[in-house]
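Just need the whole structure built from these sequences, with the hints factored in.
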Amino acid sequence: MQRNFLKYTSLLLSLVLLMTACEEEKSIIPPARTELQNDVIKRTLGPNIVGLNLEFAYAMALAPERGKLVSAQVEASIPGAGGTYMENKTYYTNGSGQDVGTEVGTALPTEGKITKVNFTKDTSASTLRYYYVIPEAARGQEVTFNFSATSSTGETVTYKMGPYKIAKMDMKLDMAVTDAAASYISIADMAVYTAEEAATKADKIDLVYLYRSIPGIMFNHALVSPGANPEYMPDLTLPAGVNRSTKIKKEWNLRDQHLARLQFGVFIDDLDFEKINLTDMPNYALNMRAESGAWVETADGRYRAYVYINSVNNNGKSARISIKRYAL
Amino acid sequence: MNAMVKYSKITIALLLSCLVWVGCSPDFPVDEDGLLVTNRAECYVSNFELLGSDFQTVRTKNAVIDTVAQTIDVEVFYGTDLRNLYPQFTLVTDAKLDPKITGKVDFSDLVTPKVYTVVSGNRKVRKPYTLNITVQKR
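So the protein sequences, as listed, match chains A and B.
Start counting at 1 in the first sequence, then tack on 506, and there's your number in our numbering.
Start counting at 1 in the second sequence, then tack on 635, and there's your number in our numbering.
Quick caveat, the hints were computed from the structure, so don't treat them as lab data.
Think of the CB as a built atom: it goes at the ideal place given N, C-alpha and C, for glycine as much as any other residue.
Where hints are given, some of them may not hold.
What the hints assert, rightly or not - To spell it out: a stretch of chain B is covered by chain A in this simulated footprint if at least three of its residues, at any positions, have a beta carbon under 8 Å from a beta carbon of chain A; those stretches are:
1) 676-689
2) 707-719
To be verified - Residues from chain B that keep clear of chain A, each with C-beta distances beyond 10 Å, as calculated:
3) I645
4) I647
5) K696
6) I700
Structure (structure tokens):
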């Protein structure tokens with residue numbers, strides 16, 4: 507019995523020894539590259555809408571003993587709109603979580619497709635932000651970016667980003683609508699008009715904003731198309747000729763980040779406008795609440811839009827709306 | 636030796652009969668939708684909900700379900716678009732609904748209310764429920 511025990515123990519021990527004896531291979535740390543290198547990340551999310559920014563962070567570096575950075579530039583396939591620029595500061599985040607900029611170069615004015623920064627500080631590594639304001643010329647097209655950097659050693663590196671599809675839709679934020687005042691909404695013009703103005707643009711008025719506090723029913727804030735049943739426009743006389751019937755579909759929980767600017771990472775894209783079917787929808791929407799919205803299709807079938815209610819004010823009989831619009 | 640042969644014969648016969656019995660017992664019964672047919676005979680609607688195109692309720696108050704008269708009375712908000720509504724029935728265990736609800740339903744014909752039939756778990760009891768919708772008045 508004891509002999510058996512000894513036999514097994516020694517066998518086990520030798521197995522353990524055998525296992526520990528098998529030494530792992532040493533991991534190899536690759537030698538750091540010293541030549542000029544670069545990398546880019548895109549910081550903006552969601553559909554790319556004309557007038558908004560496309561933001562990139564462009565990082566470039568080479569070994570300090572090798573040389574320093576001379577210039578960084580971006581070439582966009584379509585020239586950016588006014589306000590397109592490249593930061594001449596490099597940022598670090600301080601203890602309080604704030605980004606603190608240090609100037610490292612001179613920003614040259616954007617010339618056509620090219621935006622450039624020449625380094626003035628003796629620096630061998632930097633990350634510069636690039637803000638491309640999407641121009642009208644890019645609507646519905648694709649944009650690509652060529653980032654490049656040069657160093658004092660004469661090396662040049664490039665990094666291609668894109669192509670990025672620029673959305674066809676338009677956007678207008680924060681329009682104030684007030685009952686019995688600025689209450690006539692035109693999707694075609696992306697504007698709000700008073701009754702007098704509406705009378706002169708009768709063929710462009712798609713919606714009327716109303717606020718009614720009627721005991722016993724939930725009317726409150728409403729978007730009614732002028733062609734709707736007059737019972738949904740109590741005590742309202744429409745200006746002559748304002749009679750378009752717009753299809754409206756109420757929506758809840760669709761807080762597009764561009765329109766709402768809230769924490770929700772939801773975006774309405776061109777595709778949503780193309781796919782939505784509003785054929786059987788009514789031509790009015792009552793009891794609209796803050797953070798709700800409505801899909802809209804104009805009577806002539808030229809536009810589809812999403813009207814988002816940013817806020818409502820019962821006492822002021824008013825609301826703040828933002829619109830995304832897509833031309834069919 | 637003789638006894639052993641006898642025992643093994645009996646055992647084999649028993650096993651065989653077991654096999655035959657198991658082989659012939661019916662599978663769990665399912666109906667035409669592939670749903671399990673049980674022996675429950677209860678047949679009623681326990682709750683009813685009606686949603687608008689924004690998937691928010693359009694009821695002004697709880698629906699009144701009369702399981703004797705087999706009616707559901709529901710009042711909807713003033714201005715509700717009756718052509719685009721999503722009804723939701725809650726039924727007793729194992730029961731199912733006929734016709735099935737597959738999407739939005741047009742309830743704009745208030746004169747002829749829609750009838751939905753509840754079918755019991757054993758698929759033997761069928762009770763038609765009439766859905767009466769009224770729109771809140773100003």
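Status of each hint after checking the structure:
With 3 residues having a beta carbon nearer than 8 Å to a beta carbon of chain A, the region 676-689 of chain B meets the requirement of three or more and the stated coverage holds. Figure legend: the region 707-719 of chain B, annotated as covered by chain A; annotation consistent (6 residues with Cβ-Cβ distances under 8 Å, at least 3 required). For I645 (chain B), the requirement that its beta carbon stay farther than 10 Å from each beta carbon of chain A is met, with the minimum near 47 Å. Every Cβ of chain A is farther than 10 Å from the Cβ of I647 (chain B); the closest lies at roughly 45 Å, confirming the non-interface assignment.
Chain A leaves K696 (chain B) outside its interface by the beta-carbon criterion, the shortest separation being 13 Å against a cut-off of 10 Å. Against chain A, the non-interface label of I700 (chain B) holds: every CB pair exceeds 10 Å, the least being about 24 Å.
Comparing the model with each earlier hint shows no violations; every hint is respected.
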